[in-house]
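> Given next are the chains, with one letter for each unit.
2 protein chains.
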Amino acid sequence: MISIPVLTLKRLPQYLELLYGFEQEGQDTISATRLAELTGVHMTQVRKDISLTGVVGTPKVGHKIKDLIESIESCLNWKDLSSAFLVGVGRLGSSLLGYSELKRKGLNIVAGFDSDPSLAGTLVDGVIVHSMDKFANLCQRMKVHIGILTVPADQAQSTAELMVASGILAIWNFTPTLLQVDENIIVEDVDMSASLAVLSRRLSEKYDHDSKQISKIDNYKNKTDQEKQ
Amino acid sequence: MISIPVLTLKRLPQYLELLYGFEQEGQDTISATRLAELTGVHMTQVRKDISLTGVVGTPKVGHKIKDLIESIESCLNWKDLSSAFLVGVGRLGSSLLGYSELKRKGLNIVAGFDSDPSLAGTLVDGVIVHSMDKFANLCQRMKVHIGILTVPADQAQSTAELMVASGILAIWNFTPTLLQVDENIIVEDVDMSASLAVLSRRLSEKYDHDSKQISKIDNYKNKTDQEKQ
DNA sequence: GTGCATTCGATATTAAAATATCGAAATACT
DNA sequence: AGTATTTCGATATTTTAATATCGAATGCAC
Ligand SMILES: NC(=O)c1ccc[n+]([C@@H]2O[C@H](COP(=O)([O-])OP(=O)(O)OC[C@H]3O[C@@H](n4cnc5c(N)ncnc54)[C@H](O)[C@@H]3O)[C@@H](O)[C@H]2O)c1
Ligand SMILES: NC(=O)c1ccc[n+]([C@@H]2O[C@H](COP(=O)([O-])OP(=O)(O)OC[C@H]3O[C@@H](n4cnc5c(N)ncnc54)[C@H](O)[C@@H]3O)[C@@H](O)[C@H]2O)c1
Chain A
0 MISIPVLTLK
10 RLPQYLELLY
20 GFEQEGQDTI
30 SATRLAELTG
40 VHMTQVRKDI
50 SLTGVVGTPK
60 VGHKIKDLIE
70 SIESCLNWKD
80 LSSAFLVGVG
90 RLGSSLLGYS
100 ELKRKGLNIV
110 AGFDSDPSLA
120 GTLVDGVIVH
130 SMDKFANLCQ
140 RMKVHIGILT
150 VPADQAQSTA
160 ELMVASGILA
170 IWNFTPTLLQ
180 VDENIIVEDV
190 DMSASLAVLS
200 RRLSEKYDHD
210 SKQISKIDNY
220 KNKTDQEKQ
Chain B
0 MISIPVLTLK
10 RLPQYLELLY
20 GFEQEGQDTI
30 SATRLAELTG
40 VHMTQVRKDI
50 SLTGVVGTPK
60 VGHKIKDLIE
70 SIESCLNWKD
80 LSSAFLVGVG
90 RLGSSLLGYS
100 ELKRKGLNIV
110 AGFDSDPSLA
120 GTLVDGVIVH
130 SMDKFANLCQ
140 RMKVHIGILT
150 VPADQAQSTA
160 ELMVASGILA
170 IWNFTPTLLQ
180 VDENIIVEDV
190 DMSASLAVLS
200 RRLSEKYDHD
210 SKQISKIDNY
220 KNKTDQEKQ
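In order, the protein sequence lines correspond to chains A and B. Each step along the first sequence adds one to the number in numbering that gives the first Met the number 0, with nothing skipped, and position 76 is 75. Each step along the second sequence adds one to the number in numbering that gives the first Met the number 0, with nothing skipped, and position 64 is 63.
Derived by calculation from the structure, the hints in this document are not laboratory data. Check each hint, because a few of them may be wrong.
Given that identical chains are not distinguished, each listed pair holds provided it fits within a single copy or across any two copies.
[Stated by the list, open to error] Keeping only pairs whose Cα atoms sit at most 25 Å apart, straight-line, the calculated SDA-like set for lysine to any residue is: (1) K9 x V40; (2) K102 x G89; (3) K65 x D207; (4) K133 x L118; (5) K102 x D153; (6) K142 x E204; (7) K47 x Q179; (8) K205 x E72; (9) K63 x P4; (10) K65 x T52; (11) K9 x R201; (12) K102 x K205; (13) K63 x E182; (14) K9 x E182; (15) K9 x H41; (16) K78 x L51; (17) K205 x D181; (18) K9 x Q154; (19) K65 x L178; (20) K102 x P58; (21) K133 x F21; (22) K102 x I68.
Put together the whole structure using the sequences plus the hints.
Set out below in structure tokens:
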């Protein structure tokens, strides 16, 4: 199975999102050109990305939307559900338990785990929450290989180690902690800090000569808004 | 103000996280070499990243941790708080309202907004929630320029447009929707789908010849675990 | 003080990603 | 039917990012 570049993998869900929209609108085909316009990704890049999923289009027409969705979904292994355990049923954790969209993306959270004894045995959005001592055993018995990590930052490393020792092969890490685990464990960080860093800096780069700039922009915007009327 | 590459910006918070740890342990200096070991980023890359923030180190010693933190934080504009509004106080939205870590990263959510009338006037984790009709007015009066978007996907585009019309200059977008807004508005996506796509595919690439492979790995792991004892 | 090891930071090389170019295939139009 | 036009997909070029190399600076051991 060929290795697809990370950046391509990160673009594929974007295309999918648009494709679902078109499908609902009853559209039948779509061109790479159009996808490029909508995503801001270069036309040739879209073509390369699409071709990596293994689908072929027809000249002048483009791609059959149904085929393209099918191809991207199976490329990402989103066609059938993988089971996952979530550890840390706090604010973020329980919001994920209720996030039904994940099922449409191949992820089925079959149980939550938390060190807080008052949560053990409860249901959160229909998902059972267990105490931590059940983790290793259930993990092996149910052959679950994906772990979602939403514990406090200072508990992240030890929890990750427990996961790995219990048979977890891939960790979806929502904590800001940099996990140190065996190198053949797949760790994928959902890095909100990283994203916030980019937003923060880009805003500074654009306007922070000393925030007077922002007022200028405000004035400019008001002006053009008036002109538009 | 120079433009720092996205990938560098995304690595800076990683370094910071480690640096906070060292600072607490009472350490005084750190070398790029050590940061490279811990993050998996190449040593020369770490040096480049660090030098982009404007700090200089001393040979043989490395960098003063205090200076480095200071330098990265001010590079990301995390030293002083920017005000933000959050729209969509649902599962994810309210989990963000309670996420105090954001304040340490320069972001101060000063109010939430929601179309659900039963939420108007309530406090969520100490943050006031307003009805949507107050958004434009408060945005201008309080000179808030950052908007956090956590409404359902089908409401994302229209809400983004409201934000832009109200003076928002940067949108932190947690929805899977690809926003179409004026090009000088900064949009930063927290793309969980993208992250899940990478995790999913990498897992397939590694083990999906037909999932027998995973059992093999299990056996292998058990074996080596025994050997370790 | 002198050599030695370490680390910085600048410059060069390599690798990877994004963009441009071009011919061929398919449809629509004359 | 023939021609123009759109779009695909393969190949080349350019740009950007990652890695390697090297000299200089600093502190430490002797
Ligand atoms: N809240 C957010 O919006 C948000 C956003 C981004 C990242 N995060 C990160 O997600 C993580 C969780 O944040 P949160 O706001 O949901 O915190 P939280 O305190 O609301 O929830 C943490 C949960 O983990 C449980 N827990 C603590 N130690 C545990 C352990 N050793 N084993 C198992 N369970 C344990 C707690 O009982 C609690 O239920 C943090 O690392 C945070 O940095 C949160
Ligand atoms: N829940 C998660 O863990 C999670 C994870 C990743 C992404 N997301 C995305 O975040 C968004 C919110 O997800 P959620 O699970 O919190 O949903 P939710 O239904 O729990 O919350 C949505 C909130 O938005 C409000 N709302 C709806 N329309 C609105 C409008 N036009 N203006 C203002 N407020 C409006 C609703 O009243 C509700 O309070 C979705 O786009 C989802 O795809 C959620």
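> Enumerate the violated hints, using their earlier numbering and listing them in ascending order.
13, 20 and 21
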